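Engineer: Residue-level listing of the chains:
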Amino acid sequence: MSHTATAPEATTEHALRAFLHGLPGVDEVGARARAQDLSTRSIKTTAKAAAIDLAISMVDLTTLEGADTPGKVRSLCAKAALPDPADRSVPKVGAVCVYPDMVATAVEALRGTGVGVASVATAFPAGRAPLEVKLADTRRAVADGAGEIDMVIDRGAFLSGDLLKVHEEIVAVKEACGAAHLKVILETGELVTYDNVRRASHLAMRAGGDFIKTSTGKVSPAATLPVTLVMLEAVRDHHATTGRRVGVKPAGGIRTTKDALRNLVLVNEIAGPEWLTPDLFRIGASSLLNDLLMQRTRLSTGTYPGPDYYTQD
Amino acid sequence: MIFEYAPAPESRSVVSLRETYDLFVDGEFTPASSGEYLTSLNPADEEKLAQVAVAGEADVDRAVAAARRAQETVWGRMSGAERGKYLFRIARIIQERSRELAVLETLDNGKPIKETRDVDLPLVAAHFFYYAGWADKLAHAGFGPDPRPLGVAAQVIPWNFPLLMLAWKIAPALATGNTVVLKPAETTPLTALVFAEICQEADLPPGVVNILTGAGETGRALVEHPGTDKVAFTGSTEVGRRIARAVAGTDKRLTLELGGKGANIVYDDAAIDQAVEGVVTGIFFNQGHVCCAGSRLLVQESIAAEFLPRLRARIEKLRLGDPLDKNTDIGAINSAAQLERVRALTDTADEEGVERWSPACDLPERGYWFAPTVLTGVGQSHRVAREEIFGPVLSVLTFRTPEEAVAKANNTAYGLSAGVWTEKGSRMLWTAERLRAGVIWSNTFNKFDPTSPFGGYKESGYGREGGRHGLEAYLG
Amino acid sequence: MAERRESKKKGAAKGPARDGATTEARSAAPTAPARLAVKKTYKLYLGGAFPRSESGRSYPVTSADGTHLANASLASRKDARDSVALARKAFGGWSGRTAYNRGQILYRVAEVMEGRHGQFADQLVAARGLTRAEADRIVSAAVDRWVYYAGWTDKFAQVIGGSNPVSGPYYNHSAPEPTGVVVVFAPQTAPLLGLTSVLAPVIATGNTAVVVASEAAPLPAVDLAEVLATSDVPGGVVNLLTGGVGELGPHLAAHADVNALDLAGTGDLATGFEETAATTLTRVLRPGPEADGGEDAWLDTDPGTTRMTPFLETKTVWHPVGV
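Chain order of the listed sequences is A, B and C. When you number the first sequence by this note's numbering, it's gap-free, plus one each residue, and the end is 316. When you number the second sequence by this note's numbering, it's gap-free, plus one each residue, and the end is 483. When you number the third sequence by this note's numbering, it's gap-free, plus one each residue, and the end is 366.
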């Protein structure tokens, strides 16, 4: 039950290991069953309308392709600021998420919209680069105007047991972020077990991450409901211990309104309603936004719209 | 922002209730000889659902005679393969009509639609499907090369899982070549009567299944009727004792599935979130109307101070209300009488100085409701730690060592179920080995499966239902 | 046995005059045998010891033809209560032993019994009026019955239990466990093979037993207790009461700490005991057709699991399967 014990001040390899391995285990079947049970929650009518708008405001509209161009990024930014040109009551998304070399383009495109710019960094997605390179990557993105940095942890170090290395890298990147918010991508698909997800979550929070994020979107499985559930338990417990609220960002594989609503139900019932804000919950996605818009239209008009009525960006 | 779930009621339109239901005897619905009826209510709002006939001794005679005739002339002589095909057919019709049955069960019983839809009905169909496959394989079941049916089975079932208990009784009886006279509970007869329609729909020969509705007197007449070969009862230990006495000295075989006071042991190394969940499931599933409920939480003292706030926080998330709402976790108490019993027993805790806690939750004005309740500071000697409450009331006790946990868990006249929560495999096995109970759920709770034998030690009854073991009760 | 009969005090007059000495003694001066045989006192067997009944009572036991054989302890209600407590105390240890170890011990019972073959045969000749050949056959069958159940100890769990393929990510396993303390009313007309046939399956499966011996023919049971006491069967695993079924039975049937009854030797009392047992849901094995058939009714060499399963509980354990 050491996860509610006060974390030791000085972080040594020994203290870190003792802390993370002292966390209670996660029973895989039980965690899946709980997520499955919550996924049967039925969100209808007014609740659904409110949830869809909330979900839109939590979207980190993402493009992370080798083929990304300034044109593509600008078009995405336009969509982020005004998701449905036909309906100005649609909220804007939480942020646009791009590669570091596209930050300047995105910042320019979003100026004055209130939509943030997030940049992946630290040799995303593999993270297999020397620390100096990762830090330089980060500093450059921040310098170009990114308000949020999505870093990847060194999964190799984590799996080999070098927890201190993972920790120190996060601390260093956090420092490099300056005022920018740091989201720490655990890449849970490579950590495999929920025990690892829980440990990595606590490690990232201890090291100063403002958000913990499931995945790069480049590895399958990405953001499954049980993984998000375990991470939501972690931020809930971290808050109970430290008083600090850390955000959660599932990313990858959330494509439909139903997926998004299931995530919001998890947030509501596991971490609590305090987390139901874009400051503490984001959804990393690209195609999700249009499905949210379609469902929103259906709710308000009662008819099923088609995909051609929404912009493809 | 507060995230409220809007009402999400399941449609009642899938159920078409008749105003009155008669007895199902020899393949036909026929009135009771007394002409008497009782009313089945929806416990969630006290609305009348339907009138059902009250069977008396003459009706029992008639049903037993029909069952005997069917057993001797048709069912007992039929090849196992053909018997099995009838059961497969019944299983399929149950699947086809599962939403209708789920809604009806929720209306009649008060349990949440989430449970009838996702637990009761899938298990009912699975149970028939499982035993259907046994019908032509009985020689391989380990009860001799040529096991024979006993004859006519008298079966009496409770109100907590009406259709599931029917399946547990009827499927193995029919698979083994017996015919049955079954009495559903007084307060939850309706799904059994729809099941009777399903028997007709499946062209089951008349008399193989007979359903007699009524109250305690009907049940007594049935279990004491000299014309049956087997009595199977699920219900209270009190009634179980009476039945055991009544069949003494006869040639009737008897299986009893009775009460429980299950312990749910949480060790200090448990996977805490899943343990909290398991404790909640253990006692609040089906409003605690579960004979195998984990009604005693035994939490290791060293983690009690952390575990209990987590448990309370989780209970605060439970949604109590309209059982037909898909988001309801806790439904109605089944009857006014049961509500009174839950209240009375729980009140003894107040008198005995036990600390009582319930989350803030609004109880509907109409219907029978009881808020989830946690009793802390409970000692082994308190009544709430010893007697079955059969409601959403959890008694919390602590222990210091594994030996103490096992001793406290076993310190009851019952022995139906127990739970163990630990991440240490050897400790789990050590504990499971020492618990005197028929079902041990380790790192899970309230799981059921047609292949898994279920039944108790000590005063929780005898015999097993489910699995290969469940055949034994119906073979001579 | 011969010596014992010859040397008994009260029964001398009606005892068979093997050498005519007693008849002559009436007219002649009192004589004494060259060596006075040492007579056995037949006592109870409780918790591994051989006490007399706490009541101090005994009752005469006669042979098939009415000859006084010995005085057996007439167990009291308190003896019955003590025996249940002793059986309960022994239950944890006995049921906790490995099945292999229980098999070794039961085989040891057979070995020791074989060594006393003649003694048991003598008892049967006296008690049941069997011919020596018949008695030998019954004793052999009884020895073989212990061997039979010695072999069962580590097999019944595999035969009766097993894994259940539940529809979900769970390991699910059912295994039989002993029900606890079993009161065995031994068959009245089958004091050795019948007794062995009902007792051996009870303890082979890890239960502990309170045996109420054949009321009329309790002596073979006491001899068997001596075998058990010298065969590494822990004290309390088998507790033997001699005395009245009608006197002891109601208390044992009503005893809340008794888990099961084997009513083989209860005759007309069976229904009453079953009714009493219902109060605490005590498991009951009703008397079968062999119950009153004499020793020959128990000659089936392969009774299978029929006398074990009534004293076994099935425990099913679930556990999730995950990483």
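In short, the hints are calculated from the structure, not lab data. All values reported here derive from a predicted model rather than from experimental measurement. One should not assume that every hint holds.
Below, a sample of chain C positions facing chain B; criterion: calculated Cβ distance under 8 Å [to be verified]: (1) His160; (2) Glu317; (3) Leu324.
Every residue, glycine too, gets a C-beta built ideally from N, C-alpha and C.
Engineer: Hints first: check each against the structure and report whether it holds.
Structural biologist: Structure-based check of all given hints:
1. With its C-beta approaching chain B no nearer than about 34 Å, C/His160 sits outside the 8 Å limit, and its interface hint is violated.
2. Using the Cβ-Cβ criterion of 8 Å, the hint placing C/Glu317 at the interface with chain B is satisfied: the shortest such distance is roughly 4 Å.
3. Contact between C/Leu324 and chain B, as hinted, is supported at the beta carbon level, the nearest pair being about 5 Å apart and thus within 8 Å.
Checked against the numbered hints above, the structure violates only hint 1.
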